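Whenever a hint applies, use it, and build me the whole structure from the sequences.
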Amino acid sequence: MLHTANDAIRPAKLPEAIASHLESLILEGSLRAGDRLSAERDLAQQLEVSRPSLRQAISLLVNRGFLEIRQGGTFVRPPLDDTFGDHLSQLMRSDPDSTSDYLEFRGGVDGMAAFLAASRSTDIDRQAIHRAFLEMEQAHCRSVPNEEADIDTRFHQSVYEAGHNVVMLQIMCGLSGILRRDVHQNRTKLYTRKGVREILLDQHRAIHDAIMNQDGPAARDAAQGHVNFTRAALTEIDRTDARLEMSLRRFAETE
Amino acid sequence: MQYRNKTDQIPPYPETLAALFQAHPESAFDYLEFRLVIARMAARQAAERSTEEDRARLTSAYESLRQAHDRYDLDSESQADTKFHLAIYQACHNAVMGFIMSTLITMQSRDVFYDRRRIHQQPGAREAMMDQHRALYLAILNRRPEAAAEAAEIHIRFTNHSLRESIEAERRLQSALRRQRRSLSQEDEE
Chain X
1 MLHTANDAIR
11 PAKLPEAIAS
21 HLESLILEGS
31 LRAGDRLSAE
41 RDLAQQLEVS
51 RPSLRQAISL
61 LVNRGFLEIR
71 QGGTFVRPPL
81 DDTFGDHLSQ
91 LMRSDPDSTS
101 DYLEFRGGVD
111 GMAAFLAASR
121 STDIDRQAIH
131 RAFLEMEQAH
141 CRSVPNEEAD
151 IDTRFHQSVY
161 EAGHNVVMLQ
171 IMCGLSGILR
181 RDVHQNRTKL
191 YTRKGVREIL
201 LDQHRAIHDA
211 IMNQDGPAAR
221 DAAQGHVNFT
231 RAALTEIDRT
241 DARLEMSLRR
251 FAETE
Chain G
1001 MQYRNKTDQI
1011 PPYPETLAAL
1021 FQAHPESAFD
1031 YLEFRLVIAR
1041 MAARQAAERS
1051 TEEDRARLTS
1061 AYESLRQAHD
1071 RYDLDSESQA
1081 DTKFHLAIYQ
1091 ACHNAVMGFI
1101 MSTLITMQSR
1111 DVFYDRRRIH
1121 QQPGAREAMM
1131 DQHRALYLAI
1141 LNRRPEAAAE
1151 AAEIHIRFTN
1161 HSLRESIEAE
1171 RRLQSALRRQ
1181 RRSLSQEDEE
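Chains as they are written, first to last, in the working numbering: chain X, 1 to 255; chain G, 1001 to 1190.
Read the hints as simulated data drawn from the structure, not as lab findings.
As the structure is a computational prediction, the values presented were derived from the model and not from experiment.
Note that the Cβ used here is the ideal one computed from N, Cα and C, for glycine as well.
Any given hint could be a false lead.
Claimed, not checked - Partial chain X-side listing against chain G, Cβ under 10 Å, derived:
id: 1; residue: L80
id: 2; residue: H87
id: 3; residue: L88
id: 4; residue: M92
id: 5; residue: S100
id: 6; residue: F105
id: 7; residue: R106
id: 8; residue: G107
id: 9; residue: G108
id: 10; residue: H164
id: 11; residue: N165
id: 12; residue: V166
id: 13; residue: L175
id: 14; residue: G177
As the list claims (entries may be wrong) - Cross-link-like lysine to any residue pairs, in silico, SDA-like; alpha carbons within 20 Å at most:
id: 15; chain 1: G; residue 1: K1083; chain 2: G; residue 2: H1069
id: 16; chain 1: X; residue 1: K13; chain 2: X; residue 2: G72
id: 17; chain 1: X; residue 1: K13; chain 2: G; residue 2: H1024
id: 18; chain 1: X; residue 1: K13; chain 2: G; residue 2: T1059
id: 19; chain 1: X; residue 1: K13; chain 2: X; residue 2: Q46
id: 20; chain 1: X; residue 1: K13; chain 2: G; residue 2: H1069
id: 21; chain 1: X; residue 1: K13; chain 2: G; residue 2: K1083
id: 22; chain 1: G; residue 1: K1083; chain 2: G; residue 2: T1106
id: 23; chain 1: X; residue 1: K194; chain 2: X; residue 2: I237
id: 24; chain 1: X; residue 1: K189; chain 2: X; residue 2: I199
id: 25; chain 1: X; residue 1: K189; chain 2: X; residue 2: I237
id: 26; chain 1: G; residue 1: K1083; chain 2: G; residue 2: T1059
Put into structure tokens, the structure is as follows:
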């Protein structure tokens, strides 16, 4: 009688097992915020489960805040929820140093992400990074700053994924989702500067090459260097913008 | 450079993300891996940037931790441990890092990643961790960034090691119990 409790085998209830599987997909980034789940019949077939069990699993996940049912289907919600996101956006807007703070934080994390990606990435991960980089080169040639800034986000996301650390992935992708608007504005600011675009592309190439060569230290240095450069360049742009505004005001006063 | 004291916003607790991590215990080691890099960075920054106010807060958190430790008051020790680490992140003067890390530390204090008692129950772990906290505290207070980063790394590596040990110890205990039961039932038959 002593310790029988530990021996009892209790299979998880099927809906709970399905829910847990879908949660794992969200955790590892196979299902991302905004993704729509396949139609119930297809998904049930794919998972080889009955439709009623799947429906119960989905309702568990809706209750837990992972999914939401809207017109047009069932969608994945961001695990870092709206209240959290709103607070952070508000903080970013009220604090003039916050972009610089964000990039300082990212400098450390991105260095680690690139290092881990270089040592842990599978062929599939490296292909994804490579594809993102090729798209970046193409956008660069077409010189559409907006598009280039978008791909920038995707490139870094593929590096986080290749780092195979779910906490880092969830936090950093959550952050970039929340800060999309602010960060995007800044990126576009950078990409419209003469000369900066070329430097950024070279830096991304260095990160890409180091990960392809599975050279951890080089990948870390390249990623840190890239974020530090971005931070310094944005500070410089803000400073010149402020100077320009001041001159314009003075000019307007003398007129 | 002078660092202003920023308003310390307490971020709303992200229930969904916490539930996701909690339901998947394998995230514990990812958390510690992530934390290692951030903790090094934070310790270095706190050593460089902390204001008098930050240092007073850190000292008071450290003193509560030490007293709870000496009293062998495990609950208070756990709470003071959380406050001590929060005080370091506040002393970094990076609003984004403060926001993110206070969220993760709060998750940890609610045992989202692992049950902290498991670590404290490891033989010698409480003593070792108190020494690590002291080294970290003194390095920040004496404004030694490299020593602070080093102390932070040692602390997180130790936590990681203790967690692995406690999981292994639990596994060993379970198999020993099953073997014991087998021999007990054989004695009954004799």
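Going down the list of hints, with the structure as the test:
1. L80: 5 Å, holds
2. H87: 6 Å, holds
3. L88: 6 Å, holds
4. M92: 8 Å, holds
5. S100: 9 Å, holds
6. F105: Given a least distance of 5 Å, the restraint on F105/X holds.
7. R106: Since the shortest Cβ distance to chain G is 9 Å, the answer is holds.
8. G107: This interface hint holds because 8 Å falls under the 10 Å limit.
9. G108: Holds, about 4 Å.
10. H164: Result: holds, 8 Å to nearest chain G Cβ.
11. N165: 4 Å, holds
12. V166: 5 Å, holds
13. L175: This hint holds: L175/X lies near chain G, its Cβ roughly 7 Å from the closest one there, short of 10 Å.
14. G177: 12 Å, violated
15. K1083/G <-> H1069/G: 14 Å, holds
16. K13/X <-> G72/X: Roughly 29 Å separates the two Cα atoms, so the pair is violated.
17. K13/X <-> H1024/G: With a Cα-Cα distance of about 17 Å, the restraint between K13/X and H1024/G holds, given a limit of 20 Å.
18. K13/X <-> T1059/G: 50 Å, violated
19. K13/X <-> Q46/X: Status holds; Cα separation ~19 Å.
20. K13/X <-> H1069/G: Given that 20 Å is the threshold and the Cα spacing comes to 43 Å, the pair is violated.
21. K13/X <-> K1083/G: 40 Å, violated
22. K1083/G <-> T1106/G: 10 Å, holds
23. K194/X <-> I237/X: Satisfied, since the Cα-Cα distance of roughly 12 Å is no more than 20 Å.
24. K189/X <-> I199/X: 14 Å, holds
25. K189/X <-> I237/X: 8 Å, holds
26. K1083/G <-> T1059/G: Holds, because 11 Å separates the two Cα atoms, which is no more than 20 Å.
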